[in-house]
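J.: Sequence:
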Amino acid sequence: MEDFLKNEDDLRLYVYSLYKPFGSSQGDVSVAGFYATLDGGYFALTENTTDILTSEKTNVTAPSIVCNTHDWDLVASANLVTPLYQKFLPRLTYISKARMAALRIMQTTVNNKEKYAAEAKAIIGWAGMILYDMFGPLPYPSDEQLLYWDEHPLEGEWIARPSSEDFLAYLEENLTEAIPFLPETQDTWGRLTKGAASMILLRVHLMQKDFVKAKVVAKSVYEMGKEGGGSTYELMKDYSKIFSIDNQRNSELILAIPCDGTKDYSPNQWYCAAMPGDYPHISTAAKGSNSHRMRWAFYDTYEKGDKRLNTIVAEYVNNKGKKVKRGDKNLENGALPFKYDQDPTTQGNFAKNDIPIFRYAEAILGYAEAINETEGVTDLAIHLVNLIRSRAGLSNIEEINGGEKVASPEAFREAILEERGHELYGEGVRHMDLVRMGKFVEYGKRGLSAYSLSKYNEDPRRAVFPIDPQMVIDSKGVIEQNEAYK
Numbered sequence: 001m002e003d004f005l006k007n008e009d010d011l012r013l014y015v016y017s018l019y020k021p022f023g024s025s026q027g028d029v030s031v032a033g034f035y036a037t038l039d040g041g042y043f044a045l046t047e048n049t050t051d052i053l054t055s056e057k058t059n060v061t062a063p064s065i066v067c068n069t070h071d072w073d074l075v076a077s078a079n080l081v082t083p084l085y086q087k088f089l090p091r092l093t094y095i096s097k098a099r100m101a102a103l104r105i106m107q108t109t110v111n112n113k114e115k116y117a118a119e120a121k122a123i124i125g126w127a128g129m130i131l132y133d134m135f136g137p138l139p140y141p142s143d144e145q146l147l148y149w150d151e152h153p154l155e156g157e158w159i160a161r162p163s164s165e166d167f168l169a170y171l172e173e174n175l176t177e178a179i180p181f182l183p184e185t186q187d188t189w190g191r192l193t194k195g196a197a198s199m200i201l202l203r204v205h206l207m208q209k210d211f212v213k214a215k216v217v218a219k220s221v222y223e224m225g226k227e228g229g230g231s232t233y234e235l236m237k238d239y240s241k242i243f244s245i246d247n248q249r250n251s252e253l254i255l256a257i258p259c260d261g262t263k264d265y266s267p268n269q270w271y272c273a274a275m276p277g278d279y280p281h282i283s284t285a286a287k288g289s290n291s292h293r294m295r296w297a298f299y300d301t302y303e304k305g306d307k308r309l310n311t312i313v314a315e316y317v318n319n320k321g322k323k324v325k326r327g328d329k330n331l332e333n334g335a336l337p338f339k340y341d342q343d344p345t346t347q348g349n350f351a352k353n354d355i356p357i358f359r360y361a362e363a364i365l366g367y368a369e370a371i372n373e374t375e376g377v378t379d380l381a382i383h384l385v386n387l388i389r390s391r392a393g394l395s396n397i398e399e400i401n402g403g404e405k406v407a408s409p410e411a412f413r414e415a416i417l418e419e420r421g422h423e424l425y426g427e428g429v430r431h432m433d434l435v436r437m438g439k440f441v442e443y444g445k446r447g448l449s450a451y452s453l454s455k456y457n458e459d460p461r462r463a464v465f466p467i468d469p470q471m472v473i474d475s476k477g478v479i480e481q482n483e484a485y486k
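Residues in the sequence shown are numbered consecutively from 1, following my numbering.
Source of the hints: derived by calculation from the structure; they are not laboratory data.
There's no promise every hint is true.
Claimed, not checked - Dumping the calculated DSS-like pairs for lysine-lysine here, alpha-carbon to alpha-carbon at most 27 Å:
no., residue 1, residue 2
1, 439, 57
2, 320, 287
3, 226, 115
4, 57, 325
Model the full assembly from the supplied sequences, consistent with the hints where possible.
T.: This is the structure:
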């Protein structure tokens, strides 16, 4: 490695290799990424355990349906657990790879090494945040172990899982070290910035329920945007434009997955995953897979006139000229949560719309939540929520039903949770939101089909998926299974 890390280009390429887990392909294990947008990706898997997503699929072993029930089996639910064990859990190695990269980079004398080491540390936080959301705390080596194994690559040992507190503290430590050395913008779109690392840290603090720290971080991101007096970010005037075919580098995106529409690199398949086979598409080569649906119960929580409903279809005229309404085939279980607009060049279901990972709107709502949890209902917290509601064409939140949604911190907490759901559906935050607020079991059953409701498992420990049983066996019990599956 000493022969490789000789200049800044070497450091740039080295860190670039650490981004592999964050792609959007849902291919085999060699190319699969966290942000695949079919029902086997991080967004859909976690959101199907919440009150937002379901499916029209009739195969009850499909990942979406199994996630709806919270009743997956460690072995029998193969369509769900096989990707978990083979595509997601193995990405744990990137936490060690990224930490080792940071250590190696800092041993060089290359200019700007601090920036690249910081980027590697931010990747630790990013990968760790996703894996924690899915599996809970996972083992990570100390710097001493990494350096020793670097010198003795044939040696190794199993490491016990840490506590949630220790794992999240490790992510926090790496992110806190990284943020001061990261730039506000990167020449290459999709690479981590100060704002992106801060958003990861914000989510980590929310997972920790450390609202004092969350408020500080959220405020810093808010002040980077126009609404907070800065110039790096700004709320888009039109919600739907955030997700348009030409959404690259728009003012609201803090971080996105760049999509090129190719199968094995970086496609966005969300639109076609939500599209029924009879839905008209501008591209004759587009193919719908009838997967994603927004549960009708959640759809009905939107206020009349909410402009965000323009990205969700509750009825349509199909390609044979027939009107398809709520309750008809293809709209039985929910509305079509398209989110994105149509890509006219789509081949199959591979589109080029970039996939938002962190948006300025999320920072604003996170700031409002942190203020409410530390100070109660304040004018600033109300103003922050109203920034989001105003863009959606809605009245101020304090004007609803005589101010009932801001009558107490508890009422405002519920209102913020609802606003986050309406604003951020399909963006991978609902699961962590419901877990944080103790609503995972209660909300998860809302709007389910009769079948899924009959199978619904109310064990709150199923807020995390199982880890691979083979890992438990191979480690001779050093690595323990999650409590719900022992």
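J.: Regarding the pair residue 226 and residue 115, is the alpha-carbon distance no greater than 27 Å?
T.: Roughly 25 Å between the alpha carbons, so the hint for residue 226 and residue 115 holds.
J.: Need the status of pair residue 439, residue 57: alpha-carbon distance at most 27 Å?
T.: Roughly 26 Å separates the two Cα atoms, so the pair holds.
J.: Please work out if residue 57 and residue 325 have their alpha carbons no farther apart than 27 Å.
T.: Status holds; Cα separation ~18 Å.
J.: Are the Cα atoms of residue 320 and residue 287 separated by 27 Å or less?
T.: holds (16 Å)
The structure fails none of the hints (numbered hints given earlier).
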